[in-house]
Amino acid sequence: MFQSFLIKYAEIGIKGKNRYLFEDALMSHIHHALKRLDGQFTVTKESGRIYAHAAEEFDYDEVVDALKCVFGVAAICPLVRIEDQGFEDLKKQVIRYIDETYPDKNFTFKVNARRVNKQYPGSSEQINRDLGEVILETFPETKVNVHNPDVLLNVEIRSKGINIYSRIIPGPGGMPVGTNGKAMLLLSGGIDSPVAGYMIAKRGVTIEATYFHAPPYTSERAKQKVVDLAREVSRYSGPIKLHVVNFTDIQLYIYDKCPHEELTIIMRRYMMKIAEELAKKDNCLGLITGESIGQVASQTVHSLAVTNEVCTLPVFRPVIGFDKQDIVDIALKIGTYETSIEPYEDCCTIFVAKHPVTKPVLEKIQKSERNLEEKIDEMMKEAIETAEIVWC
Amino acid sequence: MEAYFDNSATTRVFDCVKDAVIQAMTVDYGNAAARHMKGVEAENIIKEAKKEIAKSLKVQEKEILFTSGGTESNNLALIGTALANKRAGKHLITSAVEHASIYNTMAFLEEEGFEITYLPVDSFGCISLTDLEQAVREDTILVSIMYVNNEIGAVEPVEEISRCIKKKNPRTVFHVDAIQAYGKYQIRPKKQGIDLLSVSGHKIHGPKGVGFLYIDEKVKIRPLIYGGGQQKGMRSGTENVPGCAGLGAAVKEIYTNHSQRIEALYGLRERLIAGLKTIDGVTINGHEDRKNAPQIVSASFEGIRSEVLLHALEERGIYVSSGSACSSNHPGVSGTLKGIGVKKELLDSTLRFSFGVFNTPEEVDYAIEVLKELLPVLRRYRAR
Chain A
93 MFQSFLIKYA EIGIKGKNRY LFEDALMSHI HHALKRLDGQ FTVTKESGRI
143 YAHAAEEFDY DEVVDALKCV FGVAAICPLV RIEDQGFEDL KKQVIRYIDE
193 TYPDKNFTFK VNARRVNKQY PGSSEQINRD LGEVILETFP ETKVNVHNPD
243 VLLNVEIRSK GINIYSRIIP GPGGMPVGTN GKAMLLLSGG IDSPVAGYMI
293 AKRGVTIEAT YFHAPPYTSE RAKQKVVDLA REVSRYSGPI KLHVVNFTDI
343 QLYIYDKCPH EELTIIMRRY MMKIAEELAK KDNCLGLITG ESIGQVASQT
393 VHSLAVTNEV CTLPVFRPVI GFDKQDIVDI ALKIGTYETS IEPYEDCCTI
443 FVAKHPVTKP VLEKIQKSER NLEEKIDEMM KEAIETAEIV WC
Chain B
34 MEAYFDNSAT TRVFDCVKDA VIQAMTVDYG NAAARHMKGV EAENIIKEAK
84 KEIAKSLKVQ EKEILFTSGG TESNNLALIG TALANKRAGK HLITSAVEHA
134 SIYNTMAFLE EEGFEITYLP VDSFGCISLT DLEQAVREDT ILVSIMYVNN
184 EIGAVEPVEE ISRCIKKKNP RTVFHVDAIQ AYGKYQIRPK KQGIDLLSVS
234 GHKIHGPKGV GFLYIDEKVK IRPLIYGGGQ QKGMRSGTEN VPGCAGLGAA
284 VKEIYTNHSQ RIEALYGLRE RLIAGLKTID GVTINGHEDR KNAPQIVSAS
334 FEGIRSEVLL HALEERGIYV SSGSACSSNH PGVSGTLKGI GVKKELLDST
384 LRFSFGVFNT PEEVDYAIEV LKELLPVLRR YRAR
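The listed protein sequences derive, respectively, from chains A and B. So for the first sequence, our numbering puts the first residue at 93; every next one is plus one. So for the second sequence, our numbering puts the first residue at 34; every next one is plus one.
Bound conformation, chain B alone:
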C-alpha cells in the first residue's frame, strides 16, 4: 500500500487541474498580452481563474495578483510594503515560528535598516495578543503572522490579531501567510481585517510554480519584478497562463463540498491521533482537537531519529516529513518545535503527517500498523 502523508509539502493535482493545464498549454497557448484571438483566449483563462479566486475569498478580482507561488507572495508582501511605506516607519512585527520565506525576508529587511520584532509563541504555537498590542507602535508599518503553522498546524486567531493591531495603529498593514490555511478554511479578508494574504497553488492540489497575493485595494505596495508591465505593472513577466488555469481549477474544486472535505480531513487526523496514542512513547505536538488545522499531525517518537523513521516508513510506501519539509534540506532544529517548547531530546524525533483529499482511513490504519511494527525494532538499535 502507498500512503502519501506529505501534503503540506506538496500535493498531487486534481484531474481537472491537469486538464486545465494541458488545455492552456496546447490549445489556448497564446500570450495573454497579444492583441489577436489567441491572446484574448489566454487572457480569458486568467480572468476566469481570478474570478474563481476572488469568489472564494469574497474580494474583488482586481485585488488578486498572480505570483510564482507562496515564497514570492511572501517576499512581495513584506518587501513591497516595506519599500512603499518606509517614510511612515521602519518597524515590522512577525512571530518566531514563521516559514523561511517570511523570516529570511525579514532578515533581509533587517540588514536594509528596518527594525523587526519577533513575537514568541505559547506551547500550542500561537502568539499572545497582549505581546502583540505592546509591540505595535506608531512607526509599525506591517505585521505578518501565519494563519496555519506549517509544522504543527497551529491556527492563529487572525481576526482578533487584526483588531488588536488596528486598534493600536490603523495604518499598520496586516499580512497573513495563508499557504497552509487556504483551501482548509473559509477565509474572508474583508471581514477578518486581512490586508495582504499569500497563497500557493500546489498545496491545494494545484500546480507548482503559481500562487497569488491578495492585496486590499487600499494597500500600497511596490513591485519587486520590473519589465513589460503585465498585471498592471505590479508583476511583470508573461503571465503563467497554464499555472493560472490550473490554480483556478484547483480553487474551484477544493471549495466544492468544502465542509465535507474538511470533515474528512479531521476524520483522518483524529483517526491517526487515536492510533498514535495506543503506541508507547509518542507525543502529539499542538492541539489534538479541532482547534488545530485539519490536515497536520505533528508527533514526536521518543528514542528514534526522525530521519531514520522517515526512511523506514518510506520503505513501506508511507511518505511523511521530518519537521517542516521546506526546512528539511537544511538539517537543523525546527524553529516551531523549539518555539513551542518541545523537549530537547524530542526535537530530532518529530515527524509531520499531512493529509490531502486523496487520503483514506485505510491508509491511516496501515500507517499505524507499520509504526507498531517498526518502532520496537528501531528503538532497539540506536547510538549508545
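With the rest of the complex left out, here is chain A:
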C-alpha cells in the first residue's frame, strides 16, 4: 500500500544558513542506502521535507531497515499519496487506509488535516470533523481522543496530491555523515571500539579505522573479524577505509627493551602515535577510541593520561563513562556484538603481564621508552608505510 516515505529530521533543522548542506548530505545518504536494495527509488526535497518514493515494487521491511541506518533521520513515516479527486474520494481512501493499516480497530484516533494547498475547499477543522465522522461510522469500535490518540492520522493536502500517514518509525537520529569532518577510529576486535565508531559517526563524522595486526600471534581470522566489524559499522557510517598495520616487530622490540609490566601501556602509546600519523596523512581531525574508565589496567585514569600524552589531535572517547553493560546494549542494538565476541585473540592480550602497571608515571614510562630510541622511529615509519588498506 505504501509507496513513499516522509523522512523527518530534527537536529539539522536548526543549522541556519548551512541547512541546505545538511539536507543535501542526508538526501545523498538516503539515496545510497536505498540504491543497494531491489527497486527504483527517488529521493526528493519538497518544501523543507525529504521524501523517498518507490517507483515500483519494493520490500517494505527492507526499506525501513535501510532508512533506520541513516544518521540524521529522526523518523520515518510510510505514507500513501493519492490524487485529489474530490472530497468523497478522499473519504474512501482514508477508510481504505485505516482498514489496511490497522487490522485491529480497537483504538482511539485524531485526524490532523493540513491544507498546504489553500485552494482546497473547506477549512482544516471542517475536514478533521468530516473525516473523523466517516471513520467512526465505518468502524464503530474506534473512538476519538484529541489529546492523546493512539493513532494520529495526518492528511496533508498539497497541490501535487494528498498524503495520508499515521505511522511514525523512529530513526537513529544524529547528523548526516560527512557534515562534520573525519576522524580515525582505533578498531580492535572487541565490543567497545565499534560502538565508539558508531557513536562518533552518528554525530556526522566520517570514519577511517586503524587495526593493529600481530602475526603470527594474532591470526588471519582475527583480522577478518575486524574487517567484518568495520563492515557492520559501515552500514551506518558509509564506507570505512581500514588501515591494517603490522605491529609485530614493534611489539617484540618493546618486549625486549622495556619492563614487562609496562609493555601494554607503552604499546598503546605507539599505537596512538601510529594511528595519529595515519590520521594526519588522510586529513582526519581527531582520533576515536573505545576506552572506558577503569575497564582494564590500561584504561585507568592514570593510564589514559599517559596514553593521551603522545597525541596532538583530540581523542574522542564516546564510551568513556559507560558501564560495560551499557556498551554491550548498544553493540547488540547496532549488530556488532555477535562478531565482537568471536574468540580470536587481539594483539593487546598476547604478551600481557600478570600484573601490568595500573598507575603508570609518565616520566618513568618515558624513561623506559628511551631504550627504544635506536630503532623505533624507523620501525614506526616502516609500519606506517606497509599498512595495508582494506575498504570496508
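Calculated from the structure, these hints are not laboratory results. Treat the hints with care, since some could be wrong.
Restricting the straight-line Cα-Cα distance to at most 27 Å, the calculated cross-link-like pairs of lysine-lysine (DSSO-like) are [what the hints assert, rightly or not]: (1) B:K377 to A:K446; (2) A:K446 to B:K376; (3) A:K446 to B:K371; (4) B:K376 to A:K349.
Given the coordinates of chain A, assemble chain B onto it according to the supplied hints.
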C-alpha cells in the same frame, strides 16, 4: 614452498575425482530416481561407486548407504541403532576420546534416556579390553569405538574389541568410526566383526559432503531422514550423484598401489619424527613406530602456544592444525590429549601434522628447517 600437512582435516581431491564430479554435474546430471535415460545413467554412477566401495571392504553392495559425510554416518549409526533396539536395552558404550560427532551424539542420547559408559584410554590412546569386557552388559545395544584416533593416530585393535564384545553379548552392535582409517588400512568388516562402519569422502582425496555408512545386513537401524524413500527408505533425499561419483573414484584410486601409498606415508611420518627429535623440547604423542596410523604425527612444543606456532608456520606456507581441526573452532582443551595424559602445560602446545598422498619428503625437510628457525624466536617471546 608450500606444505599442506592438514590432510586429516581435509584433502585435495585426486584429478580423477574432479573429472568424475564434473562429468556427473554436467553430463550425467539426471535424478537417479527418474524413469528416463538421464535417470538411468545417474543410477548407474551410484551403482558403480557402491560396487567400488563394497569391493574395498569385501562386503555386499546393498550394505553400503551413502550419507552426507562422516558426521551423518556417525549420527545415523548411533541414533539409528538406539532407536531400533531400545526395547532390547538402553545401554551404549564408547571411549573417552571419540570425535565430537560421536560424543555429542552420545550426549544427545543420554538426554533422551539412554545410559552411556565412557571407557578411559591408556597413554597411547587405546581402551583396555578388560574394561570393555566389564562394561558390556545384557542390555548393551551398541559399542562405538574409533578405528584411528583423529588427534594422535592411535589404532584400536578392532578385531579383538569385537571378539570381546560378542563373547559377552552377541546381540550388541559394534560400530567403528573409520573416518581416519579408511584408505589407510585394508578393512574387512566381516572378518573383523564390524557391524557398522562410518567413512567420509574428503579425508581420502574425495569430495566434501559425501560419505557412507556400512551396515551389516543383519543389523537393524532406523533412518533419521524421511522423505521420498530413496536408498530403500534408509536415507531419503535426491542422491548426491556427483558426490557419489567422486567418492567412488577416490576409493578406487586410494586402494590402487595401496601398500606403496602406505609405505610412503610411513616414510614421511618417520622422517618428520626423526627431524623433530633433533629439536629440543619436542615430545611426540602416541606411538612413534608403525603401531600408529601412518598419516598422523602429534607433537608438543614446550613453551609455545600451538596457535602462535600454527600461524608462524602458516606464514611460511606450512599448514597444520592445533589439536584436532574439527574441534579447533572451539578453543578448549583436546579430549584425546587430556585422555592420554599429556602434561597440562603441553596441552595448549600441541600440533597435528597429517599427511596425504600429495606430500613429499622435501616438504617434510622444509618443515623441519622452518621449525628449527622459528622455535628459538617464538620461545623467547612469551607471556611472563
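Now for the hints, and whether the structure bears them out:
1. As the CA atoms of K377 (chain B) and K446 (chain A) are separated by approximately 19 Å, the hinted pair is consistent with the 27 Å bound.
2. Restraint check: the Cα-Cα separation between K446 (chain A) and K376 (chain B) comes to about 22 Å, which is no more than 27 Å; the hinted pair holds.
3. At roughly 26 Å between alpha-carbon atoms, K446 (chain A) and K371 (chain B) fall within 27 Å of each other, so this suggested pair holds.
4. Annotation: proposed proximity of K376 (chain B) to K349 (chain A) is violated, straight-line Cα distance about 32 Å (limit 27 Å).
Taken one by one, the earlier hints fail for this structure only at number 4.
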